[in-house]
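2 protein chains.
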Amino acid sequence: MVGLRENQRMVRHVVLLRWMSAISDAERTRIEHDLAALPGEISQILRYDFGPDLILEPGNYDFAIVADFGSEDDYAVYRDHPSHQRVLRETLRPRIESRVAIQFEIGGD
Amino acid sequence: MVGLRENQRMVRHVVLLRWMSAISDAERTRIEHDLAALPGEISQILRYDFGPDLILEPGNYDFAIVADFGSEDDYAVYRDHPSHQRVLRETLRPRIESRVAIQFEIGGD
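Residue numbers (this note's numbering), protein chains in the order written: chain A, 6 to 114; chain B, 6 to 114.
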């Protein structure tokens, strides 16, 4: 990837969400549309994966967002970026019953 | 992943753990040693990332495991594999206070 050095330490940000109630197809479309726009607006995002639980196991959370960054500072830029904050405020938070998160270190590709 | 093609569908398995109490350096070494052995024993694992929370944010979970597979069937092989079950039984479960998980679809690299 452009700007990524070989064997670079990376930071993976993981968020798992449980919705307050089952979301409609229209809500899911909006959520995925709004998230899909973020890598184009926040250049610090090196890889961005998200999606609903495949319902293979009981008790799972409902939705995952996994974002990879080149550094802790780049993660913080994403966290605080107005575009991300707007998606959190307008699209995600109104639907969230519970949220768990972690940032951990991974090797670069 | 942004720009994925439909024929590159993969399954990402995410587990976040909270320990019952702070783990020692020796316990952490054992956990990471035991997990690091699994990709060599379970060929269905395409990518395996794990590690402790970087403690950038309050309220995070303590430890993440993220495993990528080529299919739901390959994920199930991992889930049920004796080597994985042994690590769960002997290394992880005795230390877990709470666990959240999801499997979701991602694009391949």
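These aren't lab readings, by the way, just hints derived from the structure by calculation. Certain hints may be false.
To be verified - Derived coverage of chain B by chain A (criterion: at least 3 residues anywhere in the stretch with Cβ under 8 Å from a Cβ of chain A; other residues may be distant):
1. 29-43
2. 67-79
3. 87-99
4. 102-111
C-beta: ideal position from N, C-alpha, C; glycine also.
Evaluated hints:
| no. | hint | result |
| --- | --- | --- |
| 1 | 29-43 | violated (count 0) |
| 2 | 67-79 | holds (count 5) |
| 3 | 87-99 | violated (count 0) |
| 4 | 102-111 | holds (count 7) |
Of the hints listed earlier, those the structure fails to meet are numbers 1 and 3, in rising order.
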